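Enquirer: Using the working numbering, the first residue of the sequence shown is number 1, and each one after it goes up by one.
Read the hints as simulated data drawn from the structure, not as lab findings.
Mixed in with the good hints there might be a few duds.
[As the list claims (entries may be wrong)] Label-pair distances were calculated between CB atoms; the ranges are:
no., residue 1, residue 2, range
1, Tyr66, Tyr267, 24 to 32 Å
2, Gln164, Pro62, 21 to 29 Å
3, Ser106, Tyr146, 27 to 35 Å
4, Glu17, Lys187, 52 to 60 Å
[Unchecked claim] As a list, the in silico EDC-like pairs of lysine to aspartate or glutamate whose alpha-carbon atoms are at most 16 Å apart:
no., residue 1, residue 2
5, Lys221, Asp93
6, Lys90, Glu26
7, Lys40, Asp78
Note that the structure is a prediction, hence the values are computed from the model and not measured.
Heads up, the beta-carbon is just placed ideally off N, CA and C, and yes, glycines get one too.
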Amino acid sequence: MRTDLDHLPDKKRRDLERIVQILFAEFEDATALATQKWKKQGRILKIILYGSYARGDWVEDPVGGYYSDYDILVVVNDKRLTDPVEYWAKADDHFLREVTISKRISAPVTFIVHSLNEVNDHLTHGRPFFIDAIEQGIALYEAEGYPFALPRPLSERAARTEAQRHFDKWFPGSVRRFDLAKGAIEKGYANEAAFDLHQTAEQLYHCVLLTLTLYSPKSHKLNFLRSQAEPLVLDLIQVWPRDTKFGRRCFELLQQAYVNARYSPHYK
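Please take these sequences and the hints and turn them into a complete structure.
Expert: In structure tokens, the structure reads:
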């Protein structure tokens, strides 16, 4: 894999050093009190930068408010260590503080976590997302002795068949959810409508990702899914305007609806 960061400005390189430090620190903290053998032996095997910053086509648009994310793939030695709540939630929160409060990192950070076996399985089954991430990505950290499997790209026909299968599942599901939302709006059920609209957007993002890359992260977080989908289809950026307070507020309310529309008496 590539390891060079020569195409990035010094500030971006410092950002990436900080990102690696945080991932290791938060993972070590999450496993510090482990008693099970597998957990005590848990390791980060690789940290890989993929996406626009690896390719060199990142975007920083202060007028429109759009900034490319640092896309990071973390590879661990055990699938059980990929649980986002138990092992990685604090890292997620830490990155948010670094970007929005201390401003020590200059762009949003999104990361996905998979075991080495999972990544190798995706590579041998020809998943375009993982093949591109590995072929175009840059290793920020690699432990010795844990190579990736050789990718076996799908034939165009097989890729189209799988993409169609994903589309046939996710797009009709999003339409059904939107119908439920419209019915709730007509009856004045505002919170139920908000939740169904969240589900509509979530399913549409999964539809885009799975149809175009045959992979989508297992997440309900719309900001995360948005960050993964927008670089694939740039027209999606204008769906949720970032240059107005109203646009940002609308998106935030929709994102909160997954939990708060169902459980919070203060959501409105």
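Enquirer: Work down the list of hints and note, for each, if the structure agrees.
Expert: To see whether the hints hold, each was checked on the structure:
1. Tyr66 to Tyr267: 24 to 32 Å: 27 Å, holds
2. Gln164 to Pro62: 21 to 29 Å: 40 Å, violated
3. Ser106 to Tyr146: 27 to 35 Å: 30 Å, holds
4. Glu17 to Lys187: 52 to 60 Å: With Cβ atoms ~53 Å apart, the hint holds.
5. Lys221 to Asp93: Given pair lysine 221, aspartate 93 holds - Cα atoms ~13 Å apart, limit 16 Å.
6. Lys90 to Glu26: This hinted pair holds, its Cα atoms lying about 7 Å apart.
7. Lys40 to Asp78: 11 Å, holds
The structure fails to meet hint 2 from the earlier list, while all remaining hints are met.
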